[in-house]
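Q: With the hints as your guide, set chain W onto chain Y.
Residues per chain are reported as follows:
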Amino acid sequence: MAVIRLGYVHVRVTDLAQARQHYQETLGMDPVHEEDGRVYLKSWDEDDHHSVVLEEGGVGLVKFGYKVTGDGTLDAIETRARSFGASCERMSKGDNAGVGDGLRVTLPSDHVLELYSDVEYLGTNVGKLNPAPWPRGLRGIGVPRINHALITTEDPALLERFFQDVLAFRPAERLVAGDEDSDLVGSWMYCGDQPHDIAFVKGANGKLHHFAYEVDDWSALLRAGDVMSMDDVPIDFGPARHGITRGGTIYFFDPSGNRNEVFSGGYRTGPDFRPITWTMDQAARGINYTHREIDQAFLEVVT
Amino acid sequence: MPRVTVVPHDVRVQARPGESVVDALRRAGWRSRYRCRRGGCGVCKVPLVEGRVDYPQPVAESVLAAAERDSGLCLPCRAVPVTDVVVDLGAEPLRAVLASTALPRTGFSRTTEQEGR
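Chains as they are written, first to last, in the working numbering: chain Y, 1075 to 1377; chain W, 10 to 126.
Chain Y with its partners taken away, still in its complex shape:
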């Protein structure tokens, strides 16, 4: 009975044609479904129906979905969410193309989180029988899968408690300004054995800092940077290594200004992992271990 992974991110874009160009040709995702003003996309190594939804009009996060196991997890989470005091409602098959019945929760940070176990299976682009390690004919970066999202919240301690108590996530790394709960600046939390499946830092409620794609390794990351240069994608920073998670990173922006990341590596966690602490005097090293300096605006710029 558990949350499995980040399943989908649903974002607003100011211009759907430009967004498609970015997500399909630069990142290399495949469109799987289209409806009025929306495109649903899947990366080549993902099994489920879609992992990104682009919706025309505005910028920022509409909602995001986490897939859960089908053994009563939704009922258990609903009970715990209600006792936590979070508002939640059942969502119906068809609310999201390809996704079945589920649960829609409004987080203490005002973000809309959807949980589901029933989702249409499309399969990876290499199949499950004697598969090749990657499919021929990838476009652009050829991202294999999405990995995590980072959101902002006015009260990181409250949101950490929600993810811990209601969704059974654990913190892998915590950025703190002091010893009090109210001194928590950010938390990187996991549900499986990644260093993070969700992260949040202090900021405005309801906002998206970035969502990330996983790539194989550092050399794939550098190649991703080549494609970004070819397509004149604005880079926020990178390639660099994170102190927090130890992953390799490039942060960049989609044509509407939503921040994306390509992320590689990182260590493994698990139920017995003990959280790592970062103090504010080393926050820059935590975020960019290589350069040990970040613009003040980095944590504040969200959509």
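It should be emphasised that the hints constitute simulated quantities derived from the structure, not laboratory data.
Hints may be right or wrong, so weigh each one.
To be verified - Residues from chain W that face chain Y, not an exhaustive set, calculated with beta carbons under 8 Å:
| no. | residue |
| --- | --- |
| 1 | Cys50 |
| 2 | Gln66 |
| 3 | Ala69 |
Computed from a predicted model, the values in this text were never measured in an experiment.
Just so you know, even glycine gets a beta-carbon here, dropped at the ideal spot from N, CA and C.
A: The following block gives chain W in isolation, referenced to the frame of chain Y:
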């Protein structure tokens, strides 16, 4: 070509047709305050002191509201001058950079071209 004047720095550059204020400054070797350069984050929002600008790319109302435009604010990363303009970039200094301009889009596998076939 419209002239872009930045105050209080008193920097003057020419904007090519269709070029944003930020891109005109970058081409001339100046980095102003911006982040996403795609009209989404709002970090570059500043007063437009004189002149008129156009927004060929849609800008989200949540980033630059109509009331803000009416009150004289602009989004330099998306604002394309249609007359000579003066923008007030505030106290933060401009940083001298050597920035490459966007390359013309080429290639044969692009979605738009595939759709056009």
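Q: Next, verify each hint and record whether it holds.
A: Here is what the structure says about each hint:
With a least beta-carbon distance of about 5 Å to chain Y, the hint placing cysteine 50/W at the interface is held under the 8 Å criterion. The interface hint given for glutamine 66/W is met, as the beta carbon of that residue sits about 6 Å from the closest beta carbon of chain Y, less than 8 Å. Among the interface hints, the one on alanine 69/W holds; its C-beta lies about 4 Å from the nearest C-beta in chain Y, closer than the 8 Å criterion.
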